[in-house]
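Colleague: Listed here are the chains, written in short residue letters.
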Amino acid sequence: MAIIEIHDVKKNYPLGKVEVQAVKGVSFLIEKGDFISIAGPSGSGKTTILNMIGLIDKPTAGEVIIDGKATSGLSDKELTRFRHEVLGFIFQSFNLIPVLNVWENIEFPLLLGKTRITKEEKNSWIDWLMAEVGLTEWKTHKPNELSGGQRQRVAIARALVTKPQIVLADEPTANLDSATGEQIIELMKKINRELETTFIFSTHDAKIVEIADHIIRLRDGTVTENRRRGEDVAASATTVEE
Amino acid sequence: MPVTLRMAFRNIFEHKSKSLIIGTLLAVGALILVLGNSFIDTSEAGIKRTFTDNYTGDVFISGISEDGDVSLFGVTSPGGLSSTPTIPDYEKVLSMVRESPLTSKATGMATGFALVSKEENNEAPNQDSQSDTSNMAILFLFGIDATEYWNVFNSTEITAGKLLEPGQTGLVVSDAHLATISKKLGKEVKIGDKILIQGISSAGFRLRELPIVGTYHPKSESAMPEQMAFVDIDTLRVMAGMTVGANEAIDLKASDTAMLNTENTDALFGDDLLEAAPQKSGFDEAKIKAQLADTTARVRANTADTGAWQFIVVRTKKASDASALIKYLNDSFQKEGIHAVAGNWQKAAGPYSQSVDVVRTVFTIALIILAIVAILIIMNTFVISVIERTGEIGTMRAIGADKGFIRKLFNAEAAMLSLGFSTIGAVLATLVAAVLRSLKIAAGNTFFEILFGGKYLSLIVTPANFITAIVIMLVVGYLANLYPVSVALKIQPVKAMQNE
Numbered sequence: 001m002a003i004i005e006i007h008d009v010k011k012n013y014p015l016g017k018v019e020v021q022a023v024k025g026v027s028f029l030i031e032k033g034d035f036i037s038i039a040g041p042s043g044s045g046k047t048t049i050l051n052m053i054g055l056i057d058k059p060t061a062g063e064v065i066i067d068g069k070a071t072s073g074l075s076d077k078e079l080t081r082f083r084h085e086v087l088g089f090i091f092q093s094f095n096l097i098p099v100l101n102v103w104e105n106i107e108f109p110l111l112l113g114k115t116r117i118t119k120e121e122k123n124s125w126i127d128w129l130m131a132e133v134g135l136t137e138w139k140t141h142k143p144n145e146l147s148g149g150q151r152q153r154v155a156i157a158r159a160l161v162t163k164p165q166i167v168l169a170d171e172p173t174a175n176l177d178s179a180t181g182e183q184i185i186e187l188m189k190k191i192n193r194e195l196e197t198t199f200i201f202s203t204h205d206a207k208i209v210e211i212a213d214h215i216i217r218l219r220d221g222t223v224t225e226n227r228r229r230g231e232d233v234a235a236s237a238t239t240v241e242e
Numbered sequence: 001m002p003v004t005l006r007m008a009f010r011n012i013f014e015h016k017s018k019s020l021i022i023g024t025l026l027a028v029g030a031l032i033l034v035l036g037n038s039f040i041d042t043s044e045a046g047i048k049r050t051f052t053d054n055y056t057g058d059v060f061i062s063g064i065s066e067d068g069d070v071s072l073f074g075v076t077s078p079g080g081l082s083s084t085p086t087i088p089d090y091e092k093v094l095s096m097v098r099e100s101p102l103t104s105k106a107t108g109m110a111t112g113f114a115l116v117s118k119e120e121n122n123e124a125p126n127q128d129s130q131s132d133t134s135n136m137a138i139l140f141l142f143g144i145d146a147t148e149y150w151n152v153f154n155s156t157e158i159t160a161g162k163l164l165e166p167g168q169t170g171l172v173v174s175d176a177h178l179a180t181i182s183k184k185l186g187k188e189v190k191i192g193d194k195i196l197i198q199g200i201s202s203a204g205f206r207l208r209e210l211p212i213v214g215t216y217h218p219k220s221e222s223a224m225p226e227q228m229a230f231v232d233i234d235t236l237r238v239m240a241g242m243t244v245g246a247n248e249a250i251d252l253k254a255s256d257t258a259m260l261n262t263e264n265t266d267a268l269f270g271d272d273l274l275e276a277a278p279q280k281s282g283f284d285e286a287k288i289k290a291q292l293a294d295t296t297a298r299v300r301a302n303t304a305d306t307g308a309w310q311f312i313v314v315r316t317k318k319a320s321d322a323s324a325l326i327k328y329l330n331d332s333f334q335k336e337g338i339h340a341v342a343g344n345w346q347k348a349a350g351p352y353s354q355s356v357d358v359v360r361t362v363f364t365i366a367l368i369i370l371a372i373v374a375i376l377i378i379m380n381t382f383v384i385s386v387i388e389r390t391g392e393i394g395t396m397r398a399i400g401a402d403k404g405f406i407r408k409l410f411n412a413e414a415a416m417l418s419l420g421f422s423t424i425g426a427v428l429a430t431l432v433a434a435v436l437r438s439l440k441i442a443a444g445n446t447f448f449e450i451l452f453g454g455k456y457l458s459l460i461v462t463p464a465n466f467i468t469a470i471v472i473m474l475v476v477g478y479l480a481n482l483y484p485v486s487v488a489l490k491i492q493p494v495k496a497m498q499n500e
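Line by line, the protein sequences are chains S and V.
Per UniProt numbering, residue 1 is the first one in the first sequence, and the count goes up by one each step.
Per UniProt numbering, residue 1 is the first one in the second sequence, and the count goes up by one each step.
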């Protein structure tokens, strides 16, 4: 069952007096529970597509359907609620809130929505997440007291705290050394299996791309490859043309 | 603690330099506000105390002048030539006042100005003598009924001689001013000595020789002008033109007004007029003597109108009763068709109370200018802070914070800064006021006595001064934060992706 449907999505950006086409009519489906990599070189449109799936940017044309709901007509308030309830975000630069400690950063999204859970439920859930990402001993530390890998683990826990159906990660390993990057991807994969959360991450690291169940390759704003692991490249090219 | 407050509190410490810039402005603003308002309030309270305790009581009743407002100092009119009206139906008005359950004591009075100068100057001042005031002392005369006045006002103590007694003619001057008079006259003036005073009023100049009966000193350290002197009411009435003949009209014949009716002004100075003037044959000396022997008009013009009073001053049982009594009296005057008006001490103090208003207005204008500058600087600093936190705001928006949360966060920061630093400023101001009070800075002259509300600068910070300053600085903080918040609200969630 497709949790995300992208139909002929285009995105143009004004650049001085000219318009640049960052995404040129892209279509694909993402199944629930998938671990997906969106790969491609810099400027291929990876981040732009992630932004549109994450509802933090709007397509110039086309439709993004999430969990069966078309998102193009939603108001700012509805988009905010949708992001809060359905989506989780992991950023390339971690984007932790500097004045909050590890525990508070993870807790933060829970304080934003209207859904309320008991204090005991909240505490045990955050503690479980902290244990899962291996940061229990660092709960009172501020982000600037953590390494890059630790910060990204906090970001992963924060993205998961609202129990979203989809987690979007924009180049989550770009600011990490390769060993730490692999650990982060492994952690994401582990959580994907345990919680059945759909993970979509963008990367240009070929080694990391291959860990994904489903690979979408982009070049110059178009999909050049869309295949599940195990499918051959020729088959995927056919799929794209269809 | 809500997450917005927690984050706002920590952000203030996270961005120390910006917080200090904003905070210093807010603290200085609060300090100026507290000290300024305390100064004005102290001054106003001092003047109020001085006037209500010494001159005006709690309620002040006067006649109505069409030329301007009536105060203790006369009619405020262009040129200042209008005479102070007397209270019509004085006895009726006085009984209305005394019958009110709110009234404690009341008495009638009148005021006027006079000059004391060396004898060679005791003639109607011409242009030259008016400019030569180096050997003249001014007296601000309070014409009082000695039987009642000292019961109503008990704020002076006699330092030499005695108070005026009922029916006694004479002057009671301040001890400080007696020294000034002695200096101006070039001789030592003692109790019992007579001095020649020259009354000045719209009725003209009147000379009277009066004995100095006593000298007084104000009981409290209030801004009481040393020129104030008490005189018996009948002397003042004569000097102020409140006499039985003051309003009499003399019928003139057509021949007496012939010259006044001429339309040709040149003719007034030509030979034609002399030719046209009635020529009586013969000079009847007996007739002239007979005319001069009739001094009735002169006597009447110098006989005090014993029923004439310019003001009634009233002490209420409680100071807070003044407004109610004023309303009752004004309603009664209107109902009875009496051309009089009741007011508070400020109406009575006229230009003196306005001096506080002028200081307050100048202070307020200066504060508004300062506030605008402060708002601009604070706003600019907040905007820089917002721009620096674009990625953080974008991240919060991306992970589910709505615009209301961002607004609350920045408003909480502004409110905490405003509250914290304005409290520091207000506390500092209270300490500065205490230090200034302990230094006992003397006023030195009448102008500063009025400004200080007494002989010494005595700043007292009231809870109202303290709270008002904090509230105003909260408003300044809020206003300065409006534009930065609007900038923050325009930051899109996609900015999270551009965070480096």
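Hints were generated in silico from the structure; no laboratory data involved.
Do not take every clue at face value.
[To be verified] In silico EDC-like pairs for lysine to aspartate or glutamate, Cα to Cα no more than 20 Å straight-line:
1) V:Lys490 with S:Glu186
2) V:Lys105 with V:Glu91
3) S:Lys77 with V:Glu91
4) S:Lys32 with S:Glu186
5) S:Lys163 with V:Asp402
[Stated by the list, open to error] The calculated label-pair distances, taken between Cβ atoms and stated as ranges, are:
6) V:Ile21 with S:Thr136: 39 to 45 Å
7) V:Tyr478 with S:Gly73: 34 to 40 Å
8) S:Lys58 with V:Tyr478: 45 to 51 Å
9) V:Phe13 with S:Gly148: 51 to 57 Å
10) V:Leu419 with S:Lys207: 50 to 56 Å
11) S:Lys190 with V:Gly404: 34 to 40 Å
12) V:Tyr478 with S:Glu31: 49 to 55 Å
[Said to hold, decoys possible] Some chain S residues well away from chain V (every beta-carbon gap over 12 Å; in silico):
13) Asp57
14) Leu79
15) Gln165
Each residue gets a CB set at the ideal place from its N, CA and C atoms; glycine is no exception.
Colleague: Taking the numbered hints from earlier one at a time, note which ones the structure violates and give those numbers from smallest to largest.
Modeller: The structure breaks hints 1, 3, 8, 9, 13 and 14; every other hint is satisfied.
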